[in-house]
Amino acid sequence: MTYANALFRLNLSMMQLGAEAATVMTLRTLKLAAGGAAATAEAERMVAEKMLVAAEAQGKAWIDAMTGASHLTPRRTVALYRRKVRANRRRLSA
11 MTYANALFRL
21 NLSMMQLGAE
31 AATVMTLRTL
41 KLAAGGAAAT
51 AEAERMVAEK
61 MLVAAEAQGK
71 AWIDAMTGAS
81 HLTPRRTVAL
91 YRRKVRANRR
101 RLSA
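Counting in our numbering, the sequence shown runs from 11 upward without gaps.
Hints were generated in silico from the structure; no laboratory data involved.
For every residue, glycine included, the Cβ atom is placed at its ideal position computed from N, Cα and C.
You may find that some hints are simply not true.
Unchecked claim - Label pairs and their in silico Cβ distance ranges:
(1) A104 x Y13: 20 to 28 Å
(2) A65 x R101: 31 to 39 Å
(3) G45 x A79: 14 to 22 Å
(4) A75 x A14: 23 to 31 Å
(5) A14 x V57: 20 to 28 Å
(6) A48 x L20: 20 to 28 Å
(7) L82 x E54: 26 to 34 Å
To be verified - In the SDA-like style, the derived pairs of lysine to any residue whose C-alpha atoms are separated by at most 25 Å in a straight line are:
(8) K94 x P84
(9) K41 x R19
(10) K94 x Q68
(11) K94 x H81
Model the full assembly from the supplied sequences, consistent with the hints where possible.
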C-alpha cells in the first residue's frame, strides 16, 4: 500500500470515528438528560471508559514503538477507539 493510500484510509477512518462518536454523544446526552440512577451510572461509566481506553491506547503505542511498528500506531489507535465507540452505540441504542 502506498503512503498516500494509507493516509487516505486513515483519514477516512478518522472521519467515520467522528461521525460515530457524534451519534454516541447524542445518545448519551439523551440518557443523561433523563436523569436518575441510569444517568448517574452512565456518567460514571463514561469517565471510567475514557481513562481505560486511553491507557490501553498508550500501552499499545508503547509496544509498537518497542517492536519497531510505530508506523502502525495511528491506524491501530483509531481502530481501537472505533471499536469502543461502536460498542457504546450498540449498548445505548438498545
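Checklist entry - Taking 14 to 22 Å as the hint, is the beta-carbon distance of G45 and A79 inside that range? => result With Cβ atoms ~45 Å apart, the hint is violated.
Checklist entry - Does 31 to 39 Å hold as the CB distance between A65 and R101, or does it fail? => result Violated, since A65 and R101 (Cβ atoms, about 21 Å apart) do not stay within the stated range.
Next on the checklist: Within 20 to 28 Å: is that where the Cβ-Cβ distance between A104 and Y13 falls?
Outcome noted: At roughly 41 Å between Cβ atoms, Y13 and A104 fall outside 20 to 28 Å, so the hint is violated.
Checklist entry - A75 and A14, beta-carbon distance inside 23 to 31 Å? => result 24 Å, holds
Checklist entry - Cβ-Cβ distance between A14 and V57: within 20 to 28 Å? => result 38 Å, violated
Checklist entry - Is the hinted pair K94 and P84 satisfied, with a Cα-Cα distance of at most 25 Å? => result Holds, at roughly 16 Å.
Checklist entry - Are K94 and H81 close enough, with their CA atoms no more than 25 Å apart? => result 22 Å, holds
Next on the checklist: 26 to 34 Å was suggested as the range; check whether the CB atoms of L82 and E54 agree with it.
Outcome noted: Since the Cβ atoms of L82 and E54 sit about 33 Å apart, the hinted range of 26 to 34 Å holds.
Checklist entry - If you check the beta carbons of A48 and L20, does the distance land in 20 to 28 Å? => result Given about 36 Å between the Cβ atoms, the range is violated.
Item to check | Proposed proximity, R19 with K41 (alpha carbon, max 25 Å) | outcome: 33 Å, violated
Checklist entry - Has the given pair, K94 with Q68, been kept, meaning a C-alpha gap of at most 25 Å? => result Measuring from Cα to Cα gives roughly 15 Å; hence the hint holds.
Of the numbered hints given earlier, the model fails hints 1, 2, 3, 5, 6 and 9; all others are met.
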